[in-house]
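*Asks:* Sequence:
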Amino acid sequence: MLSSFSVSPHRAVQIVFAIFGSGSGLWAGAIPSVLRQAHLTPALYGQALTLYAVAYIAAMSSVGRLSRHFSLRRILCVGVPLLGLVVPALVMSPSSLICCVLLVAFGLTGGLVDSTMNAEGTKVEADMRRPVLAGLHGMASFGICLPALLGSLLAVEVGLGAVAAIALILFAYGTMVVWRSIPERGLEHSSAAARAGIGRPGLALSLLGLAIGISITGEMAAATWSAKFLEVQAPGLAALAGAGTAFFAAFQVAIRLLADRLRTMVSDYVLIVASFVIALVGFGVVACDLGFAASVLGFALIGFGTGAIVPCGFALAVARSSLPAAATLSFVAMVSAVPRLPAPFIIGELSARYSFAAAFIFLTGLFAAALLIMFALGIVKAPATQSPAPQPAIEG
Numbered sequence: 001m002l003s004s005f006s007v008s009p010h011r012a013v014q015i016v017f018a019i020f021g022s023g024s025g026l027w028a029g030a031i032p033s034v035l036r037q038a039h040l041t042p043a044l045y046g047q048a049l050t051l052y053a054v055a056y057i058a059a060m061s062s063v064g065r066l067s068r069h070f071s072l073r074r075i076l077c078v079g080v081p082l083l084g085l086v087v088p089a090l091v092m093s094p095s096s097l098i099c100c101v102l103l104v105a106f107g108l109t110g111g112l113v114d115s116t117m118n119a120e121g122t123k124v125e126a127d128m129r130r131p132v133l134a135g136l137h138g139m140a141s142f143g144i145c146l147p148a149l150l151g152s153l154l155a156v157e158v159g160l161g162a163v164a165a166i167a168l169i170l171f172a173y174g175t176m177v178v179w180r181s182i183p184e185r186g187l188e189h190s191s192a193a194a195r196a197g198i199g200r201p202g203l204a205l206s207l208l209g210l211a212i213g214i215s216i217t218g219e220m221a222a223a224t225w226s227a228k229f230l231e232v233q234a235p236g237l238a239a240l241a242g243a244g245t246a247f248f249a250a251f252q253v254a255i256r257l258l259a260d261r262l263r264t265m266v267s268d269y270v271l272i273v274a275s276f277v278i279a280l281v282g283f284g285v286v287a288c289d290l291g292f293a294a295s296v297l298g299f300a301l302i303g304f305g306t307g308a309i310v311p312c313g314f315a316l317a318v319a320r321s322s323l324p325a326a327a328t329l330s331f332v333a334m335v336s337a338v339p340r341l342p343a344p345f346i347i348g349e350l351s352a353r354y355s356f357a358a359a360f361i362f363l364t365g366l367f368a369a370a371l372l373i374m375f376a377l378g379i380v381k382a383p384a385t386q387s388p389a390p391q392p393a394i395e396g
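With my numbering as the guide, the letters of the sequence shown map in order to residues 1 to 396.
Quick caveat, the hints were computed from the structure, so don't treat them as lab data. Keep in mind that a hint or two might mislead.
[What the hints assert, rightly or not] Only pairs whose alpha carbons sit at most 20 Å apart, straight line, appear in this in silico SDA-like list of lysine to any residue: (1) Lys228 with Ser93; (2) Lys228 with Leu146; (3) Lys228 with Gly284; (4) Lys228 with Arg68.
From a predicted model like this one, the values you see are computed outputs, not experimental measurements.
Produce the complete structure using the sequences and hints provided.
*Replies:* Structure representation (structure tokens):
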């Protein structure tokens with residue numbers, strides 16, 4: 001029976017990404033129902049998301065240090081089942097206090113798994129000697145799609161208990177796959193020779209971290225606020241409020257499954273800049289508040305635009321850093337905190353005091369700033385014309 005959980009390392013990390021996305025999707029679709037059950041206002045929810053972001057970034061930033069003492073496999077063996085317990089508990093939150101506490105736990109476990117599975121993904125990419133990281137992120141987006149819509153439908157028509165039960169089953173399966181199929185690679189150590197390009201943490205890697213942070217901020221806003229935005233915009237379609245997250249994730253899947261092929265033809269830098277332009281248009285459409293259908297289209301454009309930014313940014317950073325993958329991603333996560341930490345609070349306040357459209361106007365401006373940051377990155381350090389697969393940065 002256990003042999004059914006034994007798959008290749010590539011397939012195993014694909015499954016981890018997909019289940020990670022499924023947990024986020026179920027939560028995103030159920031958010032309006034959970035907020036009503038827990039009596040959380042938009043302003044309080046925004047403050048809770050700020051705490052969530054702090055916990056998430058702290059956990060991501062700690063993986064580089066943890067990987068010196070524990071292998072990536074061991075971290076995943078602990079992180080995945082813990083996340084599998086937190087998600088259903090969060091969905092069932094009976095009060096605002098418990099919901100806020102569990103959001104912090106969600107951030108800690110989610111950040112731990114996120115950074116570790118990305119570090120493992122760069123190892124798989126190096127082993128296979130071809131780009132696969134964007135495709136792995138595509139599996140996460142694929143995991144969000146149907147669960148987001150399912151989460152909203154089940155929460156309204158059946159109850160939050162059904163959403164929690166599905167999350168438990170999915171993460172139980174993911175835990176077994178990690179235990180049986182993620183290879184033991186040993187502890188991470190720095191490479192003796194610095195690679196060309198960004199190299200050790202400096203201005204260029206910091207700029208890249210800022211841009212990635214803005215992209216993640218936009219992704220989180222689309223995933224965690226779209227359902228509430230659409231519910232307010234069209235109360236009669238509350239059961240379909242998860243459509244924004246579903247279309248956002250579906251279009252992320254489309255570009256991420258295509259991005260690895262594109263990465264063999266153009267640089268990661270070019271893909272990131274083009275992606276920011278598309279996402280900027282998407283946020284502009286949502287900010288115009290043109291109706292349910294137009295907003296869903298806007299969220300789809302946001303998904304299509306943001307889809308390649310994080311995987312290409314992570315791959316670019318790891319491929320050109322002399323530090324181990326986990327340490328490089330931890331540094332990027334730390335810098336990404338600059339936009340990610342204040343954004344949830346600002347979005348919550350704008351939504352409460354003005355409108356959800358005002359919050360997305362703010363996000364539109366943030367993505368315009370990200371384009372300027374990317375142009376500055378191009379000046380600071382000329383990007384490579386190709387995206388080489390990252391080489392292993394571990395010994396032993």
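*Asks:* Please flag the earlier hints that this structure goes against, numbers listed from lowest up.
*Replies:* 4
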